[in-house]
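Chains A and B, in that order, give the protein sequences.
Numbering-wise (the numbering used here), the first sequence opens with residue 1344 and increments by one.
Numbering-wise (the numbering used here), the second sequence opens with residue 1344 and increments by one.
Watch out, some of these pointers could steer you wrong.
[Said to hold, decoys possible] Listed next, with one range per pair, are the computed distances between beta-carbon atoms:
1. B:Phe1586 with A:Arg1423: 34 to 44 Å
2. A:Ala1433 with B:Gly1457: 32 to 42 Å
3. B:Arg1362 with A:Ala1537: 31 to 41 Å
4. A:Thr1705 with B:Leu1358: 33 to 43 Å
5. A:Ala1518 with B:Val1474: 20 to 30 Å
6. A:Ala1518 with B:Pro1489: 42 to 52 Å
7. A:Gln1601 with B:Arg1362: 55 to 65 Å
8. A:Asp1354 with B:Arg1456: 21 to 31 Å
9. A:Gly1425 with B:Leu1357: 30 to 40 Å
10. A:Ile1435 with B:Leu1470: 22 to 32 Å
Don't read these hints as lab results, they were simulated from the structure.
We put the CB at the ideal spot given by N, CA and C, even for glycine.
Number of protein chains: 2
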Amino acid sequence: MVISAMGKETDELLLMADRVSKTQPGREMDMLITAGERKAVALMCMALADLGVPAQSFTGSQAGFVTDTNHRNAKILEIRPGRVLEAIEAGIVPVVAGAQGMSTDRDVTFLGRGGSDTTAVALAKVLAADVCELYTDVSGVFSADPRVVPAAQKMSSITFDELLEMTATGCPKPAMRSVEVAHNHAVPLHVRSAFTWELGTYVGEKDLLVEEPIIRAVTHDTSESKLTVVGVPDRPGVAATLFRALADDNINVDMIVQNVAADGTTDISFTVPTEDLDRASGVIDNGVADRLGIRGVVSDRAVGRVSVIGAGMKSNPGVAATMFETLAANGINIDMISTSAIRISCVVNADQVEQAVQYLHTAFGLDGQ
Amino acid sequence: MVISAMGKETDELLLMADRVSKTQPGREMDMLITAGERKAVALMCMALADLGVPAQSFTGSQAGFVTDTNHRNAKILEIRPGRVLEAIEAGIVPVVAGAQGMSTDRDVTFLGRGGSDTTAVALAKVLAADVCELYTDVSGVFSADPRVVPAAQKMSSITFDELLEMTATGCPKPAMRSVEVAHNHAVPLHVRSAFTWELGTYVGEKDLLVEEPIIRAVTHDTSESKLTVVGVPDRPGVAATLFRALADDNINVDMIVQNVAADGTTDISFTVPTEDLDRASGVIDNGVADRLGIRGVVSDRAVGRVSVIGAGMKSNPGVAATMFETLAANGINIDMISTSAIRISCVVNADQVEQAVQYLHTAFGLDGQ
């Protein structure tokens, strides 16, 4: 068992550090933050002991996690799970503190926020476990958000590629980092509820279903806004300059669409997280616009993205057509389109996002009984 | 620098354990409790870094404290201070987590409440430090409680034996355990304020004063009550049975005085902490009294103890006489007397304790300017 700090403890520890220090040396921040997981593993073992389950806590160091010396975001170099294996062989549940290790300089290190998943997956890998079970507050991965689509179904299995597309386009759980780590280490995940024993969703390299449906899920995201840069001269290097300026200001651009207009200029539209919208407009207005000869910037907060995802679309032409037809037939206008090999996303008006999800979920045959 | 957990944190961690577990396995309790010091050392190093002082935190394990496997109350077996020495040699302040170590089974251990003093003294010993500075909320050791005797003076030095008698008879700071540990390891202490740079009180094997006064301090304690067992048959083994019964019930008896009466019976008076008074009466009434043929038990909550302390009394007869005369001259009746080689204690009425302290402080020439 690998566990994280309880509740908001990591945030509280960071607040304490803010109160005493501006410099916050990394070595000491890691000593501080890892105390949260240390308390959690000890309390967990006590609770297990009361249930008659023999358990032993292990810090990252005791569990054999050797990391580099990059404090606050250390990377695992090696795992020596001798003590964890001894415990398992003795019938004792090892309870390992997540997101921590000991550096090659023998200092305490922290693997970063969400690092407990890294610990769990790495331990599953080194112990050659069949699967890494990820206990969450959802009972599995669903074909759409059940709050929006009551007929959404829990999937018994899904591939890493599909789940990564889902988390990237609005599926909130599991966290993308957990999925990436498991995918990178080829450790199958079982995403399940921390509160019931029902089976959740198995995530692996290949889907376990005999007959794969073409589309597995419909996701949506209303946390982004759209910016359109109007009248961009159509010459090489313009887009590069524009997006380099945004990247330099740490603005994470998601979808990008460009249309060439008749008069030798183009319009470039892209989405950014809504909280970065004003900053992104500022970067363009106050620097890049003049330099590139851009006419203006139009922003639109009232947009949302709806995506259909499924590895089956690779061998089934017509998915995009079905998606566009479904939206058109229901009076939903498409503003932007982007695709990957196993995903098609459309930007639509924010107030039509939920309808779009519902119609597409039905159109692709995902509704449950 | 050796530091403890902040504020009430250790109490809070114990409360958390109470909420999740009745069994509270020692190994896990130690993992939990030691998290408090871990947070404290990290925050201290951050604060020092902000002041431009290079500092590094060390857990008990990192500082080289090897202990036995007796969880919650581990004993130090060996200290390997290599990393602490390296830090000092590099001009870095080592900040060591108090009261913790790593057992010979490589588990985290806790040295018990107040164990940070043990850590500090043991580290001072192994580093061959000149002195172990104990930073407290008092500026040193005083010749009497300054709240009772405004003329009380801070002592520049005192011997361990004298300070131990003082803490045993009511002087609240420093904690007796710190003094005992330092005394046992022959590590001189400097008891001083955490809030000012004024010199405090040096505590060593020998007094540093050229000319020692006979009496160094007057202490008092009103936390005890008196019990008198009346009509005890005067034969061997009776007192032993009585005090064994109290000890078996974990009642800590302090002063004991016995007088033989004319009729072949004796009265035995003794003091116990007031919170144990009812329990002590019960132990005697409901068991020992009948067995020993005791007539009855009389308890008195309204008592206090006043003590004069000084190694000089060994070679200066007449200290006891001066003490008794001073009390008598001021109308203070003495209820019980007990003595050690360097201390005389009298039990008096509780409402006369403060007067007694003031008169004795003056009588023995301790008043400042």
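Consistency of the hints with the structure:
{"no.": "1", "hint": "B:Phe1586 with A:Arg1423: 34 to 44 Å", "in the structure": "violated (55 Å)"}
{"no.": "2", "hint": "A:Ala1433 with B:Gly1457: 32 to 42 Å", "in the structure": "holds (34 Å)"}
{"no.": "3", "hint": "B:Arg1362 with A:Ala1537: 31 to 41 Å", "in the structure": "violated (19 Å)"}
{"no.": "4", "hint": "A:Thr1705 with B:Leu1358: 33 to 43 Å", "in the structure": "violated (53 Å)"}
{"no.": "5", "hint": "A:Ala1518 with B:Val1474: 20 to 30 Å", "in the structure": "violated (53 Å)"}
{"no.": "6", "hint": "A:Ala1518 with B:Pro1489: 42 to 52 Å", "in the structure": "violated (59 Å)"}
{"no.": "7", "hint": "A:Gln1601 with B:Arg1362: 55 to 65 Å", "in the structure": "holds (59 Å)"}
{"no.": "8", "hint": "A:Asp1354 with B:Arg1456: 21 to 31 Å", "in the structure": "holds (29 Å)"}
{"no.": "9", "hint": "A:Gly1425 with B:Leu1357: 30 to 40 Å", "in the structure": "holds (32 Å)"}
{"no.": "10", "hint": "A:Ile1435 with B:Leu1470: 22 to 32 Å", "in the structure": "violated (38 Å)"}
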